[in-house]
Amino acid sequence: MSAPLSDNVLHGDPGIEAHPPRHELPIDATGGTPMQRSEVKTIFEKGSPGRRAFSCPKVDVPMVEGLLPDAYRRTEPARLPEVSEPELVRHYVNLSKRNFDLDSGFYPLGSCTMKHNPRLHERVAGLPGHARLHPLQTPKRAQGALELMYNLERALGSVAGLPHVALQPSAGSHGELLGVLLTRAYHEDRGEHRRKVLTPDTAHGTNPATVTMAGYEVVKVGTNPDGGVDIEDLKAKATTDVACLMLTNPNTLGVFDPNIEEIAHIVHEVGATLYYDGANLNAVMGISRPGDMGFDIVHYNLHKSFTQPHGGGGPGSGPIAVSDRIAPYLTVPVIEKQDDGTFTLEHDPAEGRPGSKSIGRLRGFQGNYGCFVRSYAYICSLGAEGLKDASETAVLNANYLLAKLRALGVTEHLPLAFGELCMHEFVLSGAPMKKDLGIKTLDLAKRLLDHGFHPPTVYFPLLVDEAFLIEPTETETKETLDAFAEAIAAILTEAGEDPAIAQNAPYTTPVRRLDEAAAAKSPVIRQPL
Amino acid sequence: MSRYTTTTDADLREMLQTIGVGSLDELFDRQIPAGVRLHERLDIPEGLPEQDVYAHLRDLAAKNTSAEDEITFLGAGMYDHYVPSVIDMLMSRSEFLTPYTPYQPEISQGGLQVMFEYQTTISELTGLPVSNASVYEGPSAVAAAGYLAKLANGKARYVVSAGLHPHSLQTLRTYAHGYDIEVVVVPLKDGVTDPDAWAAAIDGETSAVFFAQPNVLGAVEDASALSAAAKNSPAVVVAQVDPITLGVLAPPGECGVDVAVGEGQALGNRLDFGGPSFGFFAATEAYLRRMPGRIAGETKDVDGRRGFVLTLQTREQHIRREKATSNICTAQALNALGGVVYLAWLGRQGFQELGELLLQRTHYAREQLAALDGVRKLHEQPVVREFALTLDVPSVAAVIDRCQDAGVHPGADLETLTGDPAHRGGLLVALTEQRSRKDIDRLVEVLGAAVTAERAAGTTTGVAA
Numbered sequence: 001m002s003a004p005l006s007d008n009v010l011h012g013d014p015g016i017e018a019h020p021p022r023h024e025l026p027i028d029a030t031g032g033t034p035m036q037r038s039e040v041k042t043i044f045e046k047g048s049p050g051r052r053a054f055s056c057p058k059v060d061v062p063m064v065e066g067l068l069p070d071a072y073r074r075t076e077p078a079r080l081p082e083v084s085e086p087e088l089v090r091h092y093v094n095l096s097k098r099n100f101d102l103d104s105g106f107y108p109l110g111s112c113t114m115k116h117n118p119r120l121h122e123r124v125a126g127l128p129g130h131a132r133l134h135p136l137q138t139p140k141r142a143q144g145a146l147e148l149m150y151n152l153e154r155a156l157g158s159v160a161g162l163p164h165v166a167l168q169p170s171a172g173s174h175g176e177l178l179g180v181l182l183t184r185a186y187h188e189d190r191g192e193h194r195r196k197v198l199t200p201d202t203a204h205g206t207n208p209a210t211v212t213m214a215g216y217e218v219v220k221v222g223t224n225p226d227g228g229v230d231i232e233d234l235k236a237k238a239t240t241d242v243a244c245l246m247l248t249n250p251n252t253l254g255v256f257d258p259n260i261e262e263i264a265h266i267v268h269e270v271g272a273t274l275y276y277d278g279a280n281l282n283a284v285m286g287i288s289r290p291g292d293m294g295f296d297i298v299h300y301n302l303h304k305s306f307t308q309p310h311g312g313g314g315p316g317s318g319p320i321a322v323s324d325r326i327a328p329y330l331t332v333p334v335i336e337k338q339d340d341g342t343f344t345l346e347h348d349p350a351e352g353r354p355g356s357k358s359i360g361r362l363r364g365f366q367g368n369y370g371c372f373v374r375s376y377a378y379i380c381s382l383g384a385e386g387l388k389d390a391s392e393t394a395v396l397n398a399n400y401l402l403a404k405l406r407a408l409g410v411t412e413h414l415p416l417a418f419g420e421l422c423m424h425e426f427v428l429s430g431a432p433m434k435k436d437l438g439i440k441t442l443d444l445a446k447r448l449l450d451h452g453f454h455p456p457t458v459y460f461p462l463l464v465d466e467a468f469l470i471e472p473t474e475t476e477t478k479e480t481l482d483a484f485a486e487a488i489a490a491i492l493t494e495a496g497e498d499p500a501i502a503q504n505a506p507y508t509t510p511v512r513r514l515d516e517a518a519a520a521k522s523p524v525i526r527q528p529l
Numbered sequence: 001m002s003r004y005t006t007t008t009d010a011d012l013r014e015m016l017q018t019i020g021v022g023s024l025d026e027l028f029d030r031q032i033p034a035g036v037r038l039h040e041r042l043d044i045p046e047g048l049p050e051q052d053v054y055a056h057l058r059d060l061a062a063k064n065t066s067a068e069d070e071i072t073f074l075g076a077g078m079y080d081h082y083v084p085s086v087i088d089m090l091m092s093r094s095e096f097l098t099p100y101t102p103y104q105p106e107i108s109q110g111g112l113q114v115m116f117e118y119q120t121t122i123s124e125l126t127g128l129p130v131s132n133a134s135v136y137e138g139p140s141a142v143a144a145a146g147y148l149a150k151l152a153n154g155k156a157r158y159v160v161s162a163g164l165h166p167h168s169l170q171t172l173r174t175y176a177h178g179y180d181i182e183v184v185v186v187p188l189k190d191g192v193t194d195p196d197a198w199a200a201a202i203d204g205e206t207s208a209v210f211f212a213q214p215n216v217l218g219a220v221e222d223a224s225a226l227s228a229a230a231k232n233s234p235a236v237v238v239a240q241v242d243p244i245t246l247g248v249l250a251p252p253g254e255c256g257v258d259v260a261v262g263e264g265q266a267l268g269n270r271l272d273f274g275g276p277s278f279g280f281f282a283a284t285e286a287y288l289r290r291m292p293g294r295i296a297g298e299t300k301d302v303d304g305r306r307g308f309v310l311t312l313q314t315r316e317q318h319i320r321r322e323k324a325t326s327n328i329c330t331a332q333a334l335n336a337l338g339g340v341v342y343l344a345w346l347g348r349q350g351f352q353e354l355g356e357l358l359l360q361r362t363h364y365a366r367e368q369l370a371a372l373d374g375v376r377k378l379h380e381q382p383v384v385r386e387f388a389l390t391l392d393v394p395s396v397a398a399v400i401d402r403c404q405d406a407g408v409h410p411g412a413d414l415e416t417l418t419g420d421p422a423h424r425g426g427l428l429v430a431l432t433e434q435r436s437r438k439d440i441d442r443l444v445e446v447l448g449a450a451v452t453a454e455r456a457a458g459t460t461t462g463v464a465a
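Chains A and B, in that order, give the protein sequences.
Using the UniProt record's numbering, read the first sequence as starting at 1 and increasing by one per residue.
Using the UniProt record's numbering, read the second sequence as starting at 1 and increasing by one per residue.
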């Protein structure tokens with residue numbers, strides 16, 4: 001079977017796009033693509049002394065000598081690049097072409113929700129009234145920003161089914177830290193000093209890392225054969241020394257825990273809080289609400305469910321929503337709407353208001369406002385129905401892709417790790433593939449690169465051997481899902497004939513497999529000058 | 001189907017059939033317990049066409065007074081520097097805007113090389129050999145440095161200069177409470193950290209010391225002396241640095257600082273009402289394996305080609321989990337791209353010229369303003385791009401309001417910023433290369449008039465506006 005080469009192949013070089021899938025070429029025919037042949041230089045290895053892109057404004061005030069004591073002065077200039085604007089532009093535009101990106105192709109990276117980023121959002125975020133607004137602008141002259149944030153808080157609260165939202169955290173892991181610190185404040189305020197936080201073994205790595213940062217001990221809870229929380233294990237570990245259970249639902253296996261109500265009951269019974277890791281919220285918007293499931297604290301990843309572009313690893317934004325009992329401890333400042341319809345930023349909210357016993361701040365200013373603008377625009381575009389449609393389609397696409405992989409026989413080598421159906425993502429195990437065909441999940445991922453697809457998340461979650469975590473999102477067409485499934489089937493067929501092809505893949509990318517061990521052994525993490 | 005999804009009725013039928021379910025609802029009914037299904041519509045208005053969303057967001061923007069609308073001297077952590085057009089162009093390129101963390105290095109060489117170049121520029125600026133690929137922003141970078149110290153030496157106490165930005169101090173307190181480290185604040189004297197109180201506060205139980213360069217009053221600290229005071233203690237020396245001032249100020253690495261962190265917004269990022277920007281995090285070699293966040297490293301591929309990968313990942317949460325050096329995952333890669341492009345745009349000479357320009361204009365502004373009736377310098381220390389004044393008025397907020405009515409934002413109300421009653425009457429004035437002598441002269445005129453008017457009003461009514 002020949003997989004159609006996606007027209008989304010890496011680097012916009014027409015000479016490369018025309019290539020047929022590499023496995024139809026002899027493997028030793030790799031004289032290299034144009035990108036591969038070009039010599040890689042950093043910006044520090046380009047340019048020439050005296051070149052510049054910046055014209056500094058003239059000193060238009062009387063020059064005064066000796067404004068700084070000599071001892072405070074820099075003696076040697078920072079060895080920054082010396083390039084003209086054209087060189088600068090070429091360098092970074094050429095670098096950009098060495099990236100694969102969502103705008104050019106399928107990016108089914110599990111638990112990352114790589115959904116389309118509407119360009120409208122970049123346009124509105126770039127309006128000077130948003131982009132050049134100083135964070136310390138007098139609130140009465142920043143009413144538009146405060147109104148936007150207030151509206152966003154309300155909309156997010158509606159999605160979570162919880163009444164109070166704080167936008168401040170900078171990313172999901174930052175929201176997690178806030179959530180666990182709020183839990184600590186809640187218990188301390190009641191005179192309790194609990195020591196443990198429960199996390200399932202399927203949890204994102206940020207969960208246990210957060211627990212440690214918040215001064216708690218991590219206690220792992222097992223997973224049952226259906227992929228949900230092991231209820232007996234939870235009961236055994238849910239003691240009055242437990243502050244919180246952090247849960248992702250649907251979890252990283254794509255399984256919606258059928259026992260969620262019982263789990264919430266067990267956790268609340270011992271006085272602990274239930275924390276919702278919102279990384280997988282894209283499965284349930286308008287369909288099921290964490291607040292209704294019994295969660296006390298929820299974080300959102302605006303860069304996932306609410307389509308803030310991922311930027312190559314940020315920026316993100318990780319607002320949280322909480323129930324009434326957690327609200328007094330929320331971060332400050334808090335946005336309040338006054339009776340006259342104006343909005344204020346309260347640094348010391350009145351007794352009984354959210355934030356009145358605040359744990360303080362988690363960062364400077366009011367959070368990643370530029371991300372708020374984008375996500376708010378998204379919510380305005382979609383409305384309640386559109387958000388629900390997004391989640392429905394995300395779940396439909398995941399199940400369709402799974403069914404298609406089954407129909408093509410892929411799951412004989414890569415079986416679904418848990419369950420029958422899935423929510424917005426699913427995990428296959430490459431263990432049989434490794435045994436039967438001699439290629440690992442990593443090899444499959446690398447061979448997918450030659451087909452023009454970004455591979456799914458690999459080797460996570462940790463409890464699945466040779467894990468392959470696929471999240472197609474609602475963005476993708478049926479045609480793309482078909483092409484992806486066929487590419488995987490083709491790679492497996494090819495591996496049956498000659499596993500070395502996948503084992504040595506990729507062939508068409510700007511570089512091929514990189515020596516990560518050497519990079520870690522003797523780290524070179526800056527340009528020597 | 002919305003405009004961002006593509007499933008036609010025909011697609012839906014075929015897809016459901018392939019899956020083997022009768023309806024979309026069945027997909028959910030079979031997985032989600034009935035008790036937690038939502039049967040009502042979310043309380044969110046109906047979706048809008050693109051042009052209506054644009055109009056709504058434009059109307060909201062129009063309710064804000066931005067740096068486009070007034071001559072602003074606001075700073076206090078974020079600054080209205082000019083963002084060159086090449087940055088807009090590069091940051092909006094799909095290839096930089098829309099991928100995620102470079103988990104697959106073969107198809108992420110662009111982003112990884114940007115990180116490597118970024119790390120090099122931060123290392124050059126700070127005079128420290130090790131930089132990560134960015135953290136969230138300034139104040140949480142300070143807290144992250146605290147966590148590094150906690151893991152490195154496990155001591156009981158942080159010693160913090162009162163010159164640290166209040167948001168940094170508050171963030172550090174929030175984090176430190178989580179793992180029970182005490183925070184001791186050392187006061188300022190004559191505008192800078194009191195050297196005697198500082199030395200007296202540091203002992204064998206000090207985990208880290210923190211100061212800002214320049215400090216929250218704009219004053220340049222004696223960084224070498226502050227670092228030296230911690231030399232005979234286990235403390236990690238942490239400095240929060242305004243990167244723009246490093247064109248003229250000695251780099252922290254040459255002043256005995258172990259970890260230099262800060263807010264990167266001034267380097268090619270927009271104000272954005274406070275974010276997203278990026279935090280930078282640089283350290284001595286000794287802390288390489290304790291760094292938070294991503295680090296890009298150079299290596300070779302199987303064909304011997306030069307390439308870059310995420311390296312030293314055994315520090316990170318996705319591998320080390322509860323033993324990770326930090327919980328950070330998504331950071332600020334796109335904003336860090338803005339930072340490295342900005343520094344390359346300024347270039348070796350431009351970076352110094354910008355520093356000298358700010359030094360001269362700031363001095364001029366400070367002297368002109370301090371000569372006004374009812375206005376004096378809050379301290380006499382050297383400054384680079386920001387300085388504090390004391391206004392002899394009942395309400396600084398009222399003065400700011402009057403100035404804004406005249407089209408000039410004169411700066412931050414210091415008491416509101418720090419929450420310190422000792423800063424009553426304080427005004428923090430910041431310069432960027434966008435504020436010319438003409439703008440400064442206009443500020444002098446407007447602030448002078450506002451102070452005079454406010455003093456007259458205060459005398460008449462005896463109350464703050």
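Keep in mind that the hints were calculated from the coordinates and are not lab data.
Among the clues, some could well be false.
Said to hold, decoys possible - Label-pair ranges, simulated between beta-carbon atoms:
| hint | chain 1 | residue 1 | chain 2 | residue 2 | range |
| --- | --- | --- | --- | --- | --- |
| 1 | B | Pro-129 | A | Glu-39 | 21 to 31 Å |
| 2 | B | Glu-182 | A | Glu-45 | 39 to 49 Å |
| 3 | A | Asp-189 | B | Asp-392 | 40 to 50 Å |
| 4 | A | Arg-154 | B | Asp-405 | 26 to 36 Å |
Said to hold, decoys possible - Listed below are the simulated DSS-like cross-link pairs for lysine-lysine, each with C-alpha atoms no more than 30 Å apart in a straight line:
| hint | chain 1 | residue 1 | chain 2 | residue 2 |
| --- | --- | --- | --- | --- |
| 5 | B | Lys-323 | A | Lys-41 |
| 6 | A | Lys-41 | A | Lys-435 |
| 7 | B | Lys-438 | B | Lys-377 |
| 8 | A | Lys-521 | B | Lys-323 |
| 9 | B | Lys-323 | B | Lys-155 |
| 10 | A | Lys-97 | B | Lys-438 |
| 11 | B | Lys-323 | A | Lys-140 |
| 12 | A | Lys-434 | A | Lys-220 |
| 13 | B | Lys-155 | A | Lys-58 |
| 14 | A | Lys-97 | A | Lys-440 |
| 15 | B | Lys-155 | A | Lys-434 |
We put the CB at the ideal spot given by N, CA and C, even for glycine.
Each hint tested on the structure:
| no. | hint | result |
| --- | --- | --- |
| 1 | Pro-129/B x Glu-39/A: 21 to 31 Å | 26 Å, holds |
| 2 | Glu-182/B x Glu-45/A: 39 to 49 Å | 48 Å, holds |
| 3 | Asp-189/A x Asp-392/B: 40 to 50 Å | 43 Å, holds |
| 4 | Arg-154/A x Asp-405/B: 26 to 36 Å | 32 Å, holds |
| 5 | Lys-323/B x Lys-41/A | 36 Å, violated |
| 6 | Lys-41/A x Lys-435/A | 41 Å, violated |
| 7 | Lys-438/B x Lys-377/B | 21 Å, holds |
| 8 | Lys-521/A x Lys-323/B | 20 Å, holds |
| 9 | Lys-323/B x Lys-155/B | 18 Å, holds |
| 10 | Lys-97/A x Lys-438/B | 43 Å, violated |
| 11 | Lys-323/B x Lys-140/A | 45 Å, violated |
| 12 | Lys-434/A x Lys-220/A | 29 Å, holds |
| 13 | Lys-155/B x Lys-58/A | 50 Å, violated |
| 14 | Lys-97/A x Lys-440/A | 28 Å, holds |
| 15 | Lys-155/B x Lys-434/A | 48 Å, violated |
Hints 5, 6, 10, 11, 13, 15, counting from the list given before, are not met by this structure.
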